[in-house]
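**Student:** Here is what each chain is made of, one letter per residue.
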Amino acid sequence: MTPTTTSNTGQLPEWQRIKLIQNTKTRWFLAGVVVLYIIVTLFTLEVDWSRIASGLTRAGKMFAGMIPPDTSRLQLMFNGILESVQMALAASVFGMILAVPIGICGASNLVPKPVYIFGRSIIVLTRTFHEIIIAIFFVKIFGFGPLAGVLTLIVAGTSFIAKMVAEDIENMPPGHLEAIRATGASFPKLLLYCVAPQILPRYLGVSIYRLDANIRHSTVVGIVGAGGIGQTLAATFSRYDYDFSCTILIAIVALVFLGEIISSWIRSYLR
Amino acid sequence: MTRTETSSRYPDIWKKYTPVQTLLRYVGYMIAVFIAVWALSDLDITWFYFLDAHVQVADMLTRMWPPDAAFIQNLTKPLVETIHIATLGTASSVVIAFPLAFLAARNTTYNNLTWFIGRLILVTSRSVNTVVWGLLFVAIFGPGPVAGIWAIAFRSIGFVGKLISEAIEEIDPGVVEAMEATGASRLQVLMIGILPQVMPVIVGTTVYRWDINIRESTVLGFVGAGGIGILLYSSINQFLWREVTVTLIAIFGIVVLSELISATVRKKIS
Numbered sequence: 002m003t004p005t006t007t008s009n010t011g012q013l014p015e016w017q018r019i020k021l022i023q024n025t026k027t028r029w030f031l032a033g034v035v036v037l038y039i040i041v042t043l044f045t046l047e048v049d050w051s052r053i054a055s056g057l058t059r060a061g062k063m064f065a066g067m068i069p070p071d072t073s074r075l076q077l078m079f080n081g082i083l084e085s086v087q088m089a090l091a092a093s094v095f096g097m098i099l100a101v102p103i104g105i106c107g108a109s110n111l112v113p114k115p116v117y118i119f120g121r122s123i124i125v126l127t128r129t130f131h132e133i134i135i136a137i138f139f140v141k142i143f144g145f146g147p148l149a150g151v152l153t154l155i156v157a158g159t160s161f162i163a164k165m166v167a168e169d170i171e172n173m174p175p176g177h178l179e180a181i182r183a184t185g186a187s188f189p190k191l192l193l194y195c196v197a198p199q200i201l202p203r204y205l206g207v208s209i210y211r212l213d214a215n216i217r218h219s220t221v222v223g224i225v226g227a228g229g230i231g232q233t234l235a236a237t238f239s240r241y242d243y244d245f246s247c248t249i250l251i252a253i254v255a256l257v258f259l260g261e262i263i264s265s266w267i268r269s270y271l272r
Numbered sequence: 002m003t004r005t006e007t008s009s010r011y012p013d014i015w016k017k018y019t020p021v022q023t024l025l026r027y028v029g030y031m032i033a034v035f036i037a038v039w040a041l042s043d044l045d046i047t048w049f050y051f052l053d054a055h056v057q058v059a060d061m062l063t064r065m066w067p068p069d070a071a072f073i074q075n076l077t078k079p080l081v082e083t084i085h086i087a088t089l090g091t092a093s094s095v096v097i098a099f100p101l102a103f104l105a106a107r108n109t110t111y112n113n114l115t116w117f118i119g120r121l122i123l124v125t126s127r128s129v130n131t132v133v134w135g136l137l138f139v140a141i142f143g144p145g146p147v148a149g150i151w152a153i154a155f156r157s158i159g160f161v162g163k164l165i166s167e168a169i170e171e172i173d174p175g176v177v178e179a180m181e182a183t184g185a186s187r188l189q190v191l192m193i194g195i196l197p198q199v200m201p202v203i204v205g206t207t208v209y210r211w212d213i214n215i216r217e218s219t220v221l222g223f224v225g226a227g228g229i230g231i232l233l234y235s236s237i238n239q240f241l242w243r244e245v246t247v248t249l250i251a252i253f254g255i256v257v258l259s260e261l262i263s264a265t266v267r268k269k270i271s
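Taken in sequence, the protein lines are chains A and B. At the far end of the first sequence sits residue 272, using our numbering, and the numbering has no gaps. At the far end of the second sequence sits residue 271, using our numbering, and the numbering has no gaps.
The set of hints was computed from the structure by calculation and includes no laboratory data. Treat each hint with caution, since some may be false.
[As the list claims (entries may be wrong)] Using 20 Å as the maximum straight-line C-alpha spacing, the simulated SDA-like pairs for lysine to any residue come out as follows:
#, chain 1, residue 1, chain 2, residue 2
1, B, K16, A, K26
2, A, K190, A, P175
3, A, K26, B, V204
4, A, K141, B, L241
5, B, K163, A, D213
6, B, K78, B, V204
Construct the entire structure; sequences and hints are all you get.
**Tutor:** Structure below.
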């Protein structure tokens, strides 16, 4: 903060709003860069403007086609939703289990450097690629169906939880580790009596959150053929079966909303 | 008191949990295992596929190696497009999420109904995955980056809006009260009292979402919504696995880079 200075006339300078970027030149420069960027991209993106122009009428037609939602195939939808939920549940449990060893490998204060690098590179590699890219590979290896979806969610969930576990262990006060080590505890005992009690609440919280994220992701891995409601949804879109798409979308929103409520309820109970 | 006397008077061994707690814990474990087993066994899984999985993996890896170096020149344009989709999508989402966040924050909304509407829009936006939004916008705008930009924007509105509205709810109410006491209008209170307090959160959230969006926009092409995903999908469909390797390396590069940029910017702000 600049101190308030009085000018020659003895008056305070005019008051100004607090700005995020204090330096005026930097601020205007950044604003200029943003404007320039938007102009440049708008001209370089390959856009079929006439197609966009017809978008509004198309959207109108599509939404008209969506209403009323088709309720004649509810059984099919429920099967898809159930499959998605089962995929998410199974994947969450396995993800929770697998995340522990990988998370421990990724904690620099617990393991030697080579193991740390190994653990961290697994986390970074699996985190970088979107679930759908991973799903494609599993579909190639295991064929179409929910198995590929479950494996995808296991990989994605594991890396998410493992990253949190690793960071949690690294943020532990070093004194606790030293104290338990000083008693001559072996490595497994160190994990059991020092690390586990410290990270358990957050680990459970993150795992529950991941269950909720898995439910959200299980609704899309089907687009590349990895099972669940996403497969049904993608099929309805390619058949212009918009009234059924609408039913499925409403069901997905309701499912995710429900999952979020349950997950935040459990997490508040854990705290 | 000798040791034997003590132990005869207090025969219990100290335990962290009471028997009931232990029982409940084990019941909890059992339920978790039961859920996993039920979910897995009820799914329509062809376990038979596991038999030749290692063959398939080996086959794929040999086809993926070596990376097709000549393919790199085709990558620049889609990569730039991917970044544009993420950036423009994030920018539009912030513009739309900004007023919604004020609507969805308890202390700046008008009444319960507007609060509920704000929350409902944010929740709906968040529950539909980017790729599903992509399906929808490709149907509206046709294939191409514009559909991708809107897909990214619509998914991000909920995320950005939720975090901003939570920040608004946590502001220092004294500032607002003081300004209202001087007779400031509602707009003045928003612009001068509230906005500077939540500005760091807005910028931080935007940058954070931008880096997530780079990752999301790499797959939008699978549903035709532009970006590098189109290239990746067509390479996979043509079984050109050596091209796939190059594309994956490129995706890895921009995702890691964007994560680094976003982490640096966020560190500077906070």
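**Student:** K26(A) and V204(B) were given as a pair; does the straight-line alpha-carbon distance stay at or below 20 Å?
**Tutor:** OK: K26(A) and V204(B) at ~19 Å, within 20 Å.
**Student:** Decide if the proposed pair is consistent with the structure: K141(A) and L241(B), CA atoms, cutoff 20 Å inclusive.
**Tutor:** holds, 13 Å
**Student:** Would the pair K163(B) and D213(A) pass a check requiring their Cα atoms to be no farther apart than 20 Å?
**Tutor:** holds, 17 Å
**Student:** Is it true that the CA of K190(A) sits at most 20 Å from the CA of P175(A)?
**Tutor:** holds, 16 Å
**Student:** Would you mind confirming whether the straight-line C-alpha gap from K78(B) to V204(B) stays at or under 20 Å?
**Tutor:** Roughly 28 Å between the alpha carbons, so the hint for K78(B) and V204(B) is violated.
**Student:** Verify the proposed pairing of K16(B) with K26(A), using a straight-line Cα cut of 20 Å.
**Tutor:** Distance ~66 Å between K16(B) and K26(A) Cα, so the pair is violated.
Violated hints, in rising order: 1, 6; the structure is consistent with all others.
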